[in-house]
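Engineer: If you read the sequences in order, they're chains U and W. End of the first sequence = 521 in my numbering, gap-free, step of one. End of the second sequence = 1329 in my numbering, gap-free, step of one.
In case anyone wonders, no lab produced these hints; they're calculated from the structure. Predicted model, so just to flag it, every value in this text is computed and none were measured. C-beta: ideal position from N, C-alpha, C; glycine also. None of the hints are false.
Cβ-to-Cβ under 7 Å is the rule here; a few derived chain W residues that face chain U:
(1) Gly1132
(2) Arg1142
(3) Val1213
Label-pair distances were calculated between CB atoms; the ranges are:
(4) Leu1152/W / Leu362/U: 36 to 42 Å
(5) Thr267/U / Gln1078/W: 50 to 56 Å
(6) Glu355/U / Ile1025/W: 34 to 40 Å
(7) Val69/U / Ile1144/W: 54 to 60 Å
(8) Leu1152/W / Lys377/U: 41 to 47 Å
(9) Asp1085/W / Gly440/U: 55 to 61 Å
(10) Glu1124/W / Arg142/U: 29 to 35 Å
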Amino acid sequence: MNKNLRWKVVLILSVIALSVWAFYPPGQKVNLGLDLRGGVHMIMRVQTDDALRIETDTTAERLREALSVAAVQYTNLEVTGPIEFVAEGIQDDDAFRQVAVEVDTVFSRSPGVGSYTYTMRPNIANQLREEAVTQAQQTIERRVNELGVAEPIVARQGADDQILVQLPGVTDVDRAKEIIGRTALLELKLVEQGPFLTQEAALQAVNNVVPPDMELVSGAEDVAATGGGTPSTVYYIVRRVAPVTGRDLRTSRPTLDENNLPAVSFTFNQDGAQRFGQFTEQNIGRGLAVILDNRVFTAPTIQSRIADEGRITGSFTQQEAQDLSLVLRTGALPAPMDILEERTVGPTLGRESIEAGVTASLGGLTLVVIFILLYYKVTGLNAVVSIAVNLSILLGMMAYLGATLTLPGIAGFILTIGIGVDSNVLIFERIKEELATAKGVRAAVHAGFDRVWWTIVDTHVASLVSAMFLFQFGTGPIRGFATTLAIGLLANIFTAVFVSRTMFELVLSRRQQQQVQVLSI
Amino acid sequence: MQIFRNTSYNFTRWRWQAAALSLVILVAGISVIVSRGGLPVGIDFSGGTIVVVKFDQDVTEEQVREAVAPIPGEEVVQQYGDTQDREWLIRLALTDAAEAGASLEEGSEQILEALQGEGLPTFELLSREIVGPVIGADLQRRGIYATLASLLAIAVYIAFRFRVSFALGAVAAVLHDIVVTVAFLVFFGFDLSLNIVAALLTITGYSVNDTIVIFDRVRENMRAMRRDSLDQVVNVSVNQTLARTVITSGTTFVSVLALYLFGGEVLRGFAFTMLVGVISGTYSTVFIASSIAIALGQRKQASAASPAAAARQEAKARPKRKASGARAS
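Extracted from the complex, chain U is given alone in its bound form (with noise of 0.2 Å):
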């Protein structure tokens, strides 16, 4: 054996060992796909133009008390739109314009016959968007770590208010998608009128017209007052501006309340406890309407100062009080979202598939192998060999890049073996074809493998570009195919070639008397 032979054998020995370290054991190393240990995929939406109304709400309704302050005269402010508002009927023009003149930050101003009409500024709108857009993969962030869910992944996809969300092994698909979707807005209102059962007698009480700062919600009624009964709906009228929201909570915990009953028990921090301690003190005897996402959980009366903590109580399960605490203790989403796209695969099926999977690659390597080493003999143990080589590399890049192997990626792995095969027949035939003009054996293998190598680059490339475009084209699972398909398709460029070419060698100087027997292609 040669000096340069030997390097080439030692880099070969080298790869394969290389590779077998990084993929072994492959339980361990190799990242199994949804698709094969269970999970759920979710593309969700942010409903940004609701992080835009709150936004354009929460102007109106400063530019309201402004001009009540300074005693503006008009007949009505309404917000028409996510980013529109109007105002109408408007007496003394400069004085509202200097009233409204910070509106002019956010807002762009049209004016009509005694109104304005102000929209959001196109640069201020999108910079929303896109503020809500983060915070909400944040708080997506935050709570799939809560949950405890092994190497998940929260991101930005596709189109700007889209988020993917993928939690691997998860079991309770539901109650994840309760976690992670849920708006979590916590709001603390005045209450100035109710309960009352019905609507109706709510409407009634403020002469059916609800004032432009308070408003109509609707919740459960307190658990103290129906003895153990099933809640009935009721239905308050509360002051609209909330003096303390989710944002101002510091942490939150489940708890238990007075009756031995699950609840969830918040603090403020302190700028919000400062806040909550000052509006108690002026508030008390009257109401406090604990809102969650627009719904009452619960309205007790305000009977002394409370500094920094509130408890939540309602007919939680202990269940619900801890997914509640969990949600609050993460943050409110900046809005509502929507599932666009959801794929569960329960742990059953990813078990079949893996075993299918592999059956199917076991039995499609056999027949192969079979094959090869019919037609070819013992020559056919040299592609069986560049073959083997080709799939421990392809596993041991997988498991070094932390790469993942999706059910499709198996299917690369079989079309990997069938790349192999070709490349090696390619040279096999050529070097049949170089024997046959009689130059012999050293010569020919060395023709074979040069004539050869142009047409294996030039079919790989080809390969490689189809896979680059799947990768760009699909969903997980299939680029975990596109994946192994490309690595495949590169370790077959050294296998097929330098390793297959290698072991000619090989043989050629080791056997110079029965290499034409040895060469029974």
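Please build the complex by placing chain W on the supplied structure of chain U, with the hints as guidance.
Structural biologist: Same frame as chain U, but now just chain W:
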């Protein structure tokens, strides 16, 4: 052992018959597609819900069908996998309500509720797929884009490495394979899904792969056979690579067949697409790609370029050949 020793089949003479055969399949496929009102797209592209459940006791198709019948919209009930697995797939098209923005999950909830009704044994949820209209349209767009872009990129590569006429031949062959494969998918009642489109893209690579091997040989032979017509050069090249073509297609076919037989229900459509695609890819390489390359190449030869000029071009196209990295020692 050796098959196809020194064959000299006249492939190019059969090209009209081959074209006729392809045409028959294409026309049949397209008319079936048209008669069924368009391509049968699955929920990945059209939106909708698929629920797969595994019952712990035997149920009949009638039972499942009856249970889900009251759900609004059109339900499809299919046995999933082998009979003894007791696995059933229920598919629900996107309802108008969901299109209008109602909760997408409603369909799957209704199915699960219906199956929990009386008379049916208990079941386990194997998988659930819910695709909304936004994502469906997005995947559709991306699928078309990926297929076209991949074809274009491959065409540019072949035009760069070989000739423009070869690139056109290869692309025509690939298009042929895609349409033939889709026709077979329609004949056998498969719906286009993400996995099937992935298989179609893989076929693109595979078919081109096959074509390149023959074109490579054509290019090599053009230098040695300057006096022969392109027709003859192609014929000789196809014959020379025939053993390789058949062995490779055969082994790929066998491994994909293993996937089809043992790979499980999830990959059934994928494997079927590959099976058809491998056969069509091999056939189109031999008959379609070379015929088109010949037809376009001859016109070019007749119009201006002498064979010598073509050969010079070839030499320019691959200057690194002698210094190739494969030459070791």
